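Using the sequences plus the hints, can you model the full thing?
Each chain is listed here by its residues.
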Amino acid sequence: MDGVIIVGGGPAGSAMGSYLSMAGIPNIILESANHPRPHVGESMVTSSTRVFKEIGFLETMEREGFIHKFGASWHAPNGKEFAIEFAEFPQQGIDQDYTYHVDRSKFDLLMLKHAEKLGSKVYQGVHVKNILFEGDQAVGVRVKIADVETEMFAPVIVDATGRGTLIGNQLKTKKKDTYFNQYAVHAWFENVQRGNGHTADFIHIYFLEVERGWVWQIPITDEITSMGVVADKNVLRGDHADIESFFYKHLSTNPDLVSAMADARRINEFKTEGDYSYSLEKFVGNGFLCIGDAARFVDPIFSSGVSVALYSAKYASMEIKRAFELKDFSAEIFQPYEDKVRSGVSVWYEFIRLYYKLLPLFTHFIQSKKHRLEVLRLLQGEVYERGEVPVLDAMRQYIKAVEASDSHILKDRLTGVPID
Amino acid sequence: MDRKSVLTDYIKKEILRNDRAKISDDQDLLSDGILDSLGILQLVAYISETFGIEIPDQDVVYENFHSITALDTYLSQ
Numbered sequence: 000m001d002g003v004i005i006v007g008g009g010p011a012g013s014a015m016g017s018y019l020s021m022a023g024i025p026n027i028i029l030e031s032a033n034h035p036r037p038h039v040g041e042s043m044v045t046s047s048t049r050v051f052k053e054i055g056f057l058e059t060m061e062r063e064g065f066i067h068k069f070g071a072s073w074h075a076p077n078g079k080e081f082a083i084e085f086a087e088f089p090q091q092g093i094d095q096d097y098t099y100h101v102d103r104s105k106f107d108l109l110m111l112k113h114a115e116k117l118g119s120k121v122y123q124g125v126h127v128k129n130i131l132f133e134g135d136q137a138v139g140v141r142v143k144i145a146d147v148e149t150e151m152f153a154p155v156i157v158d159a160t161g162r163g164t165l166i167g168n169q170l171k172t173k174k175k176d177t178y179f180n181q182y183a184v185h186a187w188f189e190n191v192q193r194g195n196g197h198t199a200d201f202i203h204i205y206f207l208e209v210e211r212g213w214v215w216q217i218p219i220t221d222e223i224t225s226m227g228v229v230a231d232k233n234v235l236r237g238d239h240a241d242i243e244s245f246f247y248k249h250l251s252t253n254p255d256l257v258s259a260m261a262d263a264r265r266i267n268e269f270k271t272e273g274d275y276s277y278s279l280e281k282f283v284g285n286g287f288l289c290i291g292d293a294a295r296f297v298d299p300i301f302s303s304g305v306s307v308a309l310y311s312a313k314y315a316s317m318e319i320k321r322a323f324e325l326k327d328f329s330a331e332i333f334q335p336y337e338d339k340v341r342s343g344v345s346v347w348y349e350f351i352r353l354y355y356k357l358l359p360l361f362t363h364f365i366q367s368k369k370h371r372l373e374v375l376r377l378l379q380g381e382v383y384e385r386g387e388v389p390v391l392d393a394m395r396q397y398i399k400a401v402e403a404s405d406s407h408i409l410k411d412r413l414t415g416v417p418i419d
Numbered sequence: 000m001d002r003k004s005v006l007t008d009y010i011k012k013e014i015l016r017n018d019r020a021k022i023s024d025d026q027d028l029l030s031d032g033i034l035d036s037l038g039i040l041q042l043v044a045y046i047s048e049t050f051g052i053e054i055p056d057q058d059v060v061y062e063n064f065h066s067i068t069a070l071d072t073y074l075s076q
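Those sequence lines, one after another, are chains L and S. Numbering that gives the first Met the number 0 applies: residue 0 is where the first sequence begins, and numbers increase by one. Numbering that gives the first Met the number 0 applies: residue 0 is where the second sequence begins, and numbers increase by one.
Because the hints were derived from the structure by calculation, they are not lab data. Small disclaimer: the values here were computed from a predicted structure and weren't measured. What you were told as hints is all true, and nothing was included just to trick you.
Pair ranges (Cβ atoms, derived):
# : chain 1 : residue 1 : chain 2 : residue 2 : range
1 : L       : Arg264    : S       : Gln76     : 54 to 60 Å
2 : S       : Ser4      : L       : Lys105    : 54 to 60 Å
3 : S       : Gln76     : L       : Pro389    : 24 to 30 Å
Below 20 Å or equal to it, Euclidean Cα-Cα: the simulated SDA-like pairs (lysine to any residue) are:
#  : chain 1 : residue 1 : chain 2 : residue 2
4  : S       : Lys12     : L       : Gln366
5  : L       : Lys368    : S       : Ala44
6  : L       : Lys410    : S       : Gln57
7  : L       : Lys399    : S       : Pro55
8  : L       : Lys399    : S       : Glu53
9  : L       : Lys79     : S       : Asp31
10 : L       : Lys410    : S       : Leu29
11 : L       : Lys368    : S       : Ile46
12 : L       : Lys368    : S       : Asp56
13 : L       : Lys173    : L       : Ser345
14 : L       : Lys369    : S       : Ala44
15 : L       : Lys369    : S       : Tyr45
16 : L       : Lys410    : S       : Asp58
17 : L       : Lys369    : S       : Gly51
18 : L       : Lys368    : S       : Phe50
19 : L       : Lys369    : S       : Thr49
20 : L       : Lys270    : L       : His239
Covered stretches of chain S, going by a simulated chain L footprint (3 or more residues, C-beta under 8 Å):
#  : stretch
21 : 31–37
22 : 41–50
23 : 53–61
Just so it is clear, CB atoms sit at the ideal spot from N, CA and C, and this is done for glycine as well.
As structure tokens, then:
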């Protein structure tokens, strides 16, 4: 076909299909699962709204009644809680002061249907075995449908396979993060006491006393709440426990969490997620681009995942459009996409590293008049086309001052996370 | 209100969240569990907003925060 083959029908693939169809570029989406299917990553950041608006999907988000997320709340182990509200930092081009929590099986299906409505040809239950290359030029894919293998060809292949990282694995360009090796155990519950008043539907993050340990509380419907324990994989290994005992053991260490879960009843199986944080050496090559988690994945503490998927689809589609205009499908044409998204996700990554390096500092910055709005800007997903990010420099300076001092009150709170 | 009373008031209301708590000027705020590291950071932000005094990062040490009197002396420098 004279168009684009998109491998993967999650939010990245569906957003890509939508943008391409709007630009008049024929595209097909090959999805290995049959939607709806469950997926982790249920909370969003406000910057996603821009993409929903651009592809005409915002009406669907509203119509389907996804829970509105107006802010975020953190719970320290000593029971102190502090919260932020998105209303405090309005964003250009976004008219609502909330984003969404979603049931991903429903959200991903709706996005895929939306892409189809805009013109993508969608095939589900199609397993892409590998990308076909002529020399170093990607030219197509080998697919397996039921027991039949066949080949499909197109001038541009988009890898939107998520953490499956089809191209990263095939070309061996996937580099695991040397430090972050997080692990998550999560499930859905009924009867979680989400809190009182207007913060009840915020995302709640509970700090745990173990290395980079925290718990998410994400409302999925009025009745259902997603709960997940995240910690360094060594914490789980050290516990020598099955995942259920691991989950409940850590849940019991934060008093706010204990009261939230007092009457909770689990309604689905525990699921686990591993292999956190990696990057491909190259997001693009001749004839191909990798987007969303297929390019880079960072720790989910700030709910950045879906936003990165959507923005990488947006920026990649711009360069694909240019490639079709110029009839040039070389890596050089796609490179501006990689530069933009790599530096954007690096901002997330830096923020995550500094956060884990000295947890009380984040609390301090969020409460300080001087830094608060700049931290909100990051938390709300404004990471692209930024150049300098002064608030990250300020965090780094602060950490250096603590490291250099013998008696700073936060000295014993520094972790081993490398920040240089 | 003098600065010591303003500081004491803030610690009672915003950090301990207990108006009726008793804090004397020379009481050890740290070993008595009144201030932890997060509480001190809260206080640093409050001092900057209320008195316009920016406490440099390297001065956020226990010696300067161990009592209301110590803090007041530090802020007078």
